[in-house]
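K.L.:
Here the protein sequences line up with chains C and F, keeping their order.
Sequential numbering of the first sequence, starting at 1, is according to our numbering.
Sequential numbering of the second sequence, starting at 1, is according to our numbering.
In short, the hints are calculated from the structure, not lab data.
Here a beta-carbon is modelled for each residue, glycine too, at the ideal position from N, C-alpha and C.
A portion of the hints provided could be inaccurate.
To be verified - Computed list of chain F residues with no C-beta within reach of chain C, every gap over 10 angstroms:
1. P51
2. L208
3. G316
To be verified - Simulated coverage check for chain C against chain F, where a stretch passes if three residues somewhere in it have a Cβ under 8 angstroms from a Cβ of chain F:
4. 75 to 84
5. 217 to 228
6. 248 to 258
Stated by the list, open to error - Derived DEER-like restraints, expressed as beta-carbon distance ranges:
7. E176(F) x N130(C): 31 to 37 angstroms
8. G167(C) x F282(F): 17 to 23 angstroms
9. V193(F) x V39(C): 54 to 60 angstroms
10. S308(F) x E150(C): 57 to 63 angstroms
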Amino acid sequence: MTTQRAATGDAPAGEGPGPRQRSLRCLEMKGVYKSFGGVQVLQDVDFHLDRGEVVGLLGDNGAGKSTLIKIITGYHQPDQGRLLFDGQEVHDLTVPRARELGVETVYQERALAELQPLWRNIFVGRYISNRLGLMDVGQMRRITERLMSEEMGFTSAVLTPDTTVTGLSGGERQGLAIVRALHFEAEMIILDEPTMGLSLKETEKLLKFVDGIRDKGKSAVFIDHNFFHVYSVADRIVVLDRGMVAADFPKEQHTLNELMDIMREIASTGHFEPDRSKAAASDEAANVIHGVAE
Amino acid sequence: MTAAETSVPPPSTRDQATRSALSDFMRKWASQVGITVAFVLLWVLFMIMAPNTFGTDLIYKSFGQTIPYFGIIAMMLTMVIVAGDIDLSFPSVMALGMVGFVWVWDATDIVLLGVIAAIGVGAAAGLFNGLVITMIGLPSLVVTIGTQFLFRGLTLVLVAGSSTVLAATRGDPVRELLVGKPFGLPMEFLWFVGITVLAWVLLNRHRLGGNTYVIGDNTQTARLMGIPIRRTRIILFVLTGMAAALAGMMMSLQVVNFYPNLGSGLLLPALAAVFVGGTSVFGGRGSVYGTFIGALMIGAIPAGIVASGLTDFWTGAIYGAIILIAISIHAVLQRRFQR
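Sequences and hints are given; from them, build the entire structure.
P.N.:
This is how it looks when you write it as structure tokens:
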């Protein structure tokens, strides 16, 4: 996760999908295009995620961040391009299939069913059930109770597995969504604007949690408007702009101040020329960008 | 949700804990408690107003026959409504199913085959509703208004508007199974209880129900979590169609006659039972237990009013008032206990 600079330029020719059982690269997207009703939302996007890596995904509204992650989660299908999980190409990815492959998503707030009890929200879409489809509600309640006290830190006696989501604070909701992802042993956790609506303390807790994902050897994609948050947790930063990858570099290469400049530059020009320190790479980066434009 | 299970109070010895345990219980079961209290009050009222009627077992045997006709459908309708949909076509499905019964039974002289045919027609009608709604993407309210006319019209065309005498089914064991009276207890009521239990299990202990709640609560969530939305909704319409066909057969076999306008007049009682029972018209929240009690209340009101000495003209007004009071109680309780 330290040599990604080069990957920007020659990812297609670089370490391709090998026959390895568990490759370092748990997710790879190559040349992905997606449009909605004539609007090109993603153009020739290359993206990858390594094991134990946290990638910060930055970009303005409409840059295509949400579409990119919705392709990873199987919610949208790309118009063009390849999708590889653990080096294996996957066609016609669906949401249940992506979840099987270990992708869990923590969506803003909208992926919780408000009127439903906590246990149903944890197990939604993958209830513990027998072959006839009969659910073991008792077991799901017990697991939820354990997760609540051990993982979410819900100590209030008012909250039980039967409490509905309506009774939770913003941070508690986010915690619920995260614990849902963790409980099912996700390999890749995608956090879509997870700090939105959180208090300072809750945000701190969340960022600590993202560090925990890496410590467990899992990977994460962290999407946020706030690049202070992204900078503090990410190993590598990918910037999307108008549907294209405008920059992709390991965090250590730039300070937070430089990142701000880079973001400003991308916002005004649509791309980023890393002329500051690595002039050699700038050609590559420019090639990528101009290649896309053609 | 049902009153059959209670939440475990949080372990604490303080006074406050007892209070919070009570509010915890109410938060979960407010609707069920409300409807049960309303039901008992109504019954006590009828007992005082008409002790001669409500003090004998005769009226209850009558209820045991009439309530299931719409109650059975109300059970499956509850799930449809929890999923955020609605079905207004079931009265016509009752009749259309009977066309299937009459044809197959006529041709084979075997009542059982007629029953299977009717259930099959009911399922097909439900499938048609579900397919049109989910594939074309139309609101179920509009589609089932349309199919209500379509199915009724088909029925009238197929039987040329005439009724069919079913007297020859008398004595058949299958008929006894549907509308017989073992030990003086109407079979209809046993079916109603059985289907209530089935609906409860489906909604609260089966994947189908788990998905149903989430779909009705937040379709976006359901989609993001990979729930088979289309399939689930279609299954619920099929179940409602089958329940309608079953109820239609019971009604027809009971009076050994099939009228092509069978089922008209049951639309509102069935819907009223669901809503009086506390199921939310917005989806995501519903109670099979509530629908059961709701059906008992709705079924008892007309007889109660007449037996209390009021003229039949009063029925509609009081009926409507009781429905309004019941759903208002739910709304108030829900706001009070569920924030």
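K.L.:
Would you pick out the hints that fail for this structure and give their numbers low to high?
P.N.:
Hints 2, 4, 5, 6 are the ones this structure does not satisfy, whereas the remaining hints hold.
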